[in-house]
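**Q** The lines below spell out each chain.
2 protein chains.
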Amino acid sequence: MVSVTFKVNGADVVMHAMEGDNLLAAAQRANVAIDAPCSGNGACGKCKVKLVSGELDSPQTRHISDEEYAQGWRLSCVSKLVSDVTVEVPDIASAYRSRMRVADISSEKELAIFNQTKAGIEEAGIEFKNNLSAVNVTMDAPTADDTMPDNERLAWKLEEVTGAEKVTISFAALKKLARVLRESDFSVRCVIETEGDRVNVLDVLPADDAAPVAGLVVDLGTTSVAAILVNMEDGSILAKASTGNGQIRYGADVINRIIESGREGGSERLQKAVIEESLRPLIQEMCAAAKISPKRVYRMCLAGNTTMNHLLLGLYAEPVRMDPYIPSFFLCDDVPVQALHLGLHPEAKLILAPNIGSYVGGDITAGAFASMLWNKEELSLFIDLGTNGELVFGNNEFMMSCACSAGPAFEGGDISCGMRATDGAIDSCTIDRETMEPSFTTIGDTKHPVGICGSGIIDIIAELFRAGIINGKGKFSREGRRIRHDENGMGSYVIAFKEDTGAVRDVSINEVDIDNFIRAKGAIFSATMTMLNSMGMDPSVLGHVYVAGGIGSGINMKNAVTIGMLPDIPLEMFSYIGNSSLSGAYAMLTSSQSREKVDELARSMTYLELSTEPGYMDSFVAACFLPHTDAALFPSVEV
Amino acid sequence: MVSVTFKVNGADVVMHAMEGDNLLAAAQRANVAIDAPCSGNGACGKCKVKLVSGELDSPQTRHISDEEYAQGWRLSCVSKLVSDVTVEVPDIASAYRSRMRVADISSEKELAIFNQTKAGIEEAGIEFKNNLSAVNVTMDAPTADDTMPDNERLAWKLEEVTGAEKVTISFAALKKLARVLRESDFSVRCVIETEGDRVNVLDVLPADDAAPVAGLVVDLGTTSVAAILVNMEDGSILAKASTGNGQIRYGADVINRIIESGREGGSERLQKAVIEESLRPLIQEMCAAAKISPKRVYRMCLAGNTTMNHLLLGLYAEPVRMDPYIPSFFLCDDVPVQALHLGLHPEAKLILAPNIGSYVGGDITAGAFASMLWNKEELSLFIDLGTNGELVFGNNEFMMSCACSAGPAFEGGDISCGMRATDGAIDSCTIDRETMEPSFTTIGDTKHPVGICGSGIIDIIAELFRAGIINGKGKFSREGRRIRHDENGMGSYVIAFKEDTGAVRDVSINEVDIDNFIRAKGAIFSATMTMLNSMGMDPSVLGHVYVAGGIGSGINMKNAVTIGMLPDIPLEMFSYIGNSSLSGAYAMLTSSQSREKVDELARSMTYLELSTEPGYMDSFVAACFLPHTDAALFPSVEV
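The listed protein sequences correspond, in order, to chains A and B. By the count of numbering that gives the first Met the number 0, the first sequence reaches residue 638 at its end, each step adding exactly one. By the count of numbering that gives the first Met the number 0, the second sequence reaches residue 638 at its end, each step adding exactly one.
Just so you know, not all the hints are guaranteed correct.
Since the list can't tell identical chains apart, any single copy or any two copies may satisfy a pair.
No more than 25 angstroms apart at the CA atoms, straight line, and that leaves these computed lysine-lysine pairs for DSS-like [as the list claims (entries may be wrong)]:
#, residue 1, residue 2
1, 497, 45
2, 175, 348
3, 348, 165
4, 165, 596
5, 165, 49
6, 294, 271
Don't read these hints as lab results, they were simulated from the structure. Remember, predicted model here, so these are calculated numbers, not experimental data.
This is chain A alone, in the form it adopts within the complex (with noise of 0.2 angstroms):
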C-alpha cells in the first residue's frame, strides 16, 4: 500500500492505492477532478500534475517538454505508483467546461433570439399549452356531523371546481394533506396535472402561497449544460442559466464517456458527475434566482443527444456504441424524477425529447421542432453545432439526418484560449489587414477578455486569413509584433496582451487550436456536401440555413463561410437561432401540442450514417482547408 496525496485548490486529498495502480485511475477513485478528455489513453495531455515528493513510474511522452518534466510534470494516465507520492492537481476549471452563469434575463441577447423561435413556433398555430396548473379552493371544515376523510373532502370539491370525473391525490401531496389543511383553514392551493376527465394533485400548499407552479428545461450537451426554470402556467421564463458538464473529466466525446461507463462503477460516476456537479448546482442557482424552492419544480424536460440521455439514467450505454448501434430507448415513457435525486418535487416527472439513432439524438429532434424547417416548402438545413455536429435537411414533406465528430472546438474546447460563450469572451473579431492590429469585442463588454469563444475563433481564423497572416493550411506566413513562434516553430497571434488588459495571460490562437478548429468546420462542411449528395443535390437548393449552438450570438455568417464551415449561398439565407435544443425542449414541456409535434418528427425523420456514406473521407480531407481545396465551392471567397 502506498499513500497519495493530492493536492487540489489548497486542500489536501489523501487516499491509498496500491503499488503499481495507475495515478489517474486512483484520483479517479478519490473523486480527484483530473482533466482527462481522451479518458486516459494517453492521447490528450491533460492530465498533467506536477509531482511534488516522492516518486512516480512515468515516461515523458511527447506531451510534456524536457523543461516541464525537469520540473516535474508527469501525465498521469501514463503514471504508476511505486511509493508514497504528493502531487499538484492544476485547477482544471478552465472556462469553457466549469463556470456556472446565471444571465441576467432582462436582457441577454439569446434569450431574444430564444423568444423570436418561440414567436416562429406560435405563428405556426401551436398552442403554448400544458396539462399543469395551481388551483384555488375552500372546503367546509369537517364537523361530526360531516365526518369525510381529508383525501375525499379534497377530491370532491376538486371534482366540483374542476369539473374532473375523478381525481386523484398523489401519495406526496396526501403526506402533507392533514396538516395543510388544518393550518390554512380548509382553504388550499393545489398543484394538478390533467389527463382528459382525470386530475391527479401533485401538491396541496396553503391558499396564500403564491410561488410559480415551475418546470425545469434542460440542454444537455456533452460539453455544456444550459437550462432554464419557468412558470408553467404563463410559459414566462424565472431563471436561466449554463456551466459544463461534470462528466468531461472522464472523456471530452461521447465514445470516451461510453468506455468510461462501461468500467466498474463507471456507469454510477458519470451519472453522479453529470447531476452533482451540473445538474443540481444548475438547480439550486437557478431556483436561488427565482426565489423559489426546487420543491416547486414539478415537472422537467431534457434534450441531449443519446449518449448523454443514457448516462444521466444511468442506463447501460456500450450498446449505443458497439455495432450494431442500439440505444435502449428513442422514445422513452416519463422518468420518475425522484430517481435521479435532484431535490425537486417527489411527484415531478421528466419528459426526454425523442432520440432518432445513436447518434442522433433528443437535442436534435427538439432542435429541428425549434428550427421550423418541418412547416415550409421550402428546402432547408438545420446544423446544430456541438461537440456533435447534426445537421437537419428537408422540408414539410421529409427530413433526413446525420451526425459528424466536431469536437468541443465550436465550445471553445481544445483551443488554448477558448471558452464557451460566456462573460470575458471575445465573440467578434477584425484584424487591420495592414497593421495586423484586432480590434474586438467580448460578451458582457468587459476590458479584460478571458478567453475566445466559437464565434470570435471563427471571426479570428477568417480575418487572420484574410489578412494572409494565415495561409489556406492554417499555418502563419507573417511576421509582426503579435505574431510569436515557440521553440518548436509553432505560429500564434496574440489578440490580447495580458499587458493591455490586466489579464492574467495573454488570449492568443496557436497553429494547433486553428487546425483543431479546421478539423471541426471540415467535419460540418463535408457532412453537408455527403448528405445533399446522397439525395442528388447541392447547397443551390438551400433555401435556409438555420445555425444553432453553442457557438454564440455573435456568429458572423460571412465569415463562417469565408473559412468553409458554411455553404457559400447568400447570406441573407443563414439565420443563428441560438441554442434550439433548450428552445425545443422548452416548447415540449411548455406545449402539449409542441411535444406531440416534436414524438411525431422523431418518428418520420430518416437517419444517413455518414461513416458508410461512399466519399465521405474524401470530402471532410478536402473540406480541412481554407476554405477548401476545391475553391470553386467557394466563389464569393478571395484566396
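Start from chain A and add chain B according to the hints.
**A** Below, chain B without anything else, positioned relative to chain A:
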C-alpha cells in the same frame, strides 16, 4: 450539559443532554428502547431503569417499592437529569412484543385455519386471480438491418405474445434492459402487470431465472405484526412470520402513539420504528426462509387499523384522535412502496385495506371480508380481539361495526407473564378442582413454558373461577401451595414453578393480570351487547360468531363464555377464524375480485360510535365481573 450512559444489553450508549431534561425523552432521542406503553405519563410503571452511578431527581411512585427504590430503580418518565449519570435499561424484549417467529409452513396450525378461510372465500365463487405474472419471451438480436432500440424490441414482442394493445416499460426495467438482454441472448423473463389491454413491465430477468413473482401480505397490529410471503402466480405461501410492533415503546395504544407522533420528529420516529424494527426484519427473515431476494417482491397489501396505516405512511395523525376524528383517508390510492424504504422491488405498490372510520380500519374490513359474514342470510357477529377490539354485526344485507379499547391483554400485553401466541406460550389449561393442580399445553409442545398467551389466560381464569379459587371479582378466595400473596396482600397463582420446568421464572397469574383481563373481556362483551341493543336485538338473534385475532388457535369457547367474554349461546355457533386481517389482506393481494369486494364492503359498512351510545359505560361496568353482574345473561355458567 450532562452526560448520560445507558447500559443496554451489555452495550453502553452515551449521549449528552441538558440538566433538567427528562430521562425517558433523552433515551428516545438516543434511540434507546425503554418500554413506555403509556407514552411517559407516569401511569403504567413500565419505564423503570436502574441507577448505577450519578444522581437523578426522581420521586418514588406507586410503581416502585421501598426495596426497589433502595436498589436504584427509578421510573424514567418522572426522572430529571441533574448530573452525569449511568443507568441500566432492562431488556424490554418481553416475549409478547418483539420476538420474531418464522412459522413452519409445512405444519403450522394457524395456516390450516388460514386455508379453511381461503376455501370459504373460493366457495362463494370469488376467483383467486390477480394481474401480476411472469412471461418468457425470446427476441431476434439486433443487426445492422434491424436497429430497433431495446425498449421497442421488447414491447413489440410482448404485444405479440400477450396480445396487449400497449406495452410500457417501467424505469426500473429500462435501467436493466440493455444488460439483461445481452447477457441472456435476448431471451428474458418479464414480470408484468396487466391492466385491460395494457401491459406494464416491472422487471426483466434472464430467461432461466426461476424465482417466484412474490407478494407480501402484512397484518399491522398495534401490538403484533404478522406477515406472509406469497407466490403471486399461484397464491401459494412461501413463508410466514410474526413479530412485535416496534412502535410499542412509544405507547401501548393508538392514542399514545398519536400523541407521540404529534411531538417534534415524532411522526418520523414512529414510522422508522415500525419499518426498521418490524417490517424490514420480517421481510428479511421471510425472504431468507424462502430463498429469494426482497427485490423479488413486486406488490404488497397491508391491513391495519386507521392509526397504524397513517403512522406507517408518515401522515399527520392528530386529527384521527381529535374531535371530530377525521383521518386523511379511508380508501387510499396505491402507495409507491419505494417511499417506505422496505427494500422491495422499486416499482412495487402498496395496497391498503380500506378504513371506514378513525377507529375501524383496514384490519376490520379485510377481516370482515374473510369471515364471509357478508355472504350469508343469517345474522352473524365478527369479533376481532386485538388491542382495539372491533366488532362487525350483519349479514348479506347490512353491516354495522364498532370498536372498543380492550388493551393488549388478548395478545398477552399488560399481563405479568403474558406473551404472544408463539412457541413456549401456555395456550390451554385445566385445573383440578380438588387439588388445584394445573395441566396445560404449550405452543410447540415445549416442556418449559415461557409465558401465557390469550387463549391460555382465558382457560386459567375460567378454571380458577370454576374451582372457586377466585371469586367473581377475580380475587383469590382459596389457599394452597400454588397460591401466594405478596406484601400488599395481592394474590397470585403459579401455573408452572421454575424448579419444575427449568425455566428462568415461575409462570403465574396475579390479581392485577386478572383485573386487566376482566376489563378487556368486559369491553368486548359490553360492545357486543350495546351494538345488538342499538338495533333492539339481543344475542339470541345470532346465527354465528366468528372470533378472530392473535389470541391463539387454542381458544376454548366454553371458557370464553364462562368468563363472560362471549355471549352465552350454543357453542357450535362459535368459530375461531384465526388472523382474519391477514387472511383478508392475502385475498386482496392475490385476488383482484376480493380487493374489489373489500372496497365495496367498506363503502357500505356503517359505524356505531360506542362512546356516545347511551348505556355503554354502564354496560361495561356491569361486564367487569365473572361472568357478569347480571348472572341471568349467562344461564349456562355455574356460579
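**Q** Evaluate each hint against the coordinates.
**A** For each hint, the structure was consulted:
{"no.": "1", "hint": "497 x 45", "verdict": "within (24 angstroms within a copy, 79 angstroms between copies)"}
{"no.": "2", "hint": "175 x 348", "verdict": "both (19 angstroms within a copy, 20 angstroms between copies)"}
{"no.": "3", "hint": "348 x 165", "verdict": "both (21 angstroms within a copy, 20 angstroms between copies)"}
{"no.": "4", "hint": "165 x 596", "verdict": "between (28 angstroms within a copy, 20 angstroms between copies)"}
{"no.": "5", "hint": "165 x 49", "verdict": "neither (66 angstroms within a copy, 58 angstroms between copies)"}
{"no.": "6", "hint": "294 x 271", "verdict": "both (20 angstroms within a copy, 23 angstroms between copies)"}
In summary, the structure is inconsistent with hint 5 from the numbered list given earlier, while agreeing with all the others.
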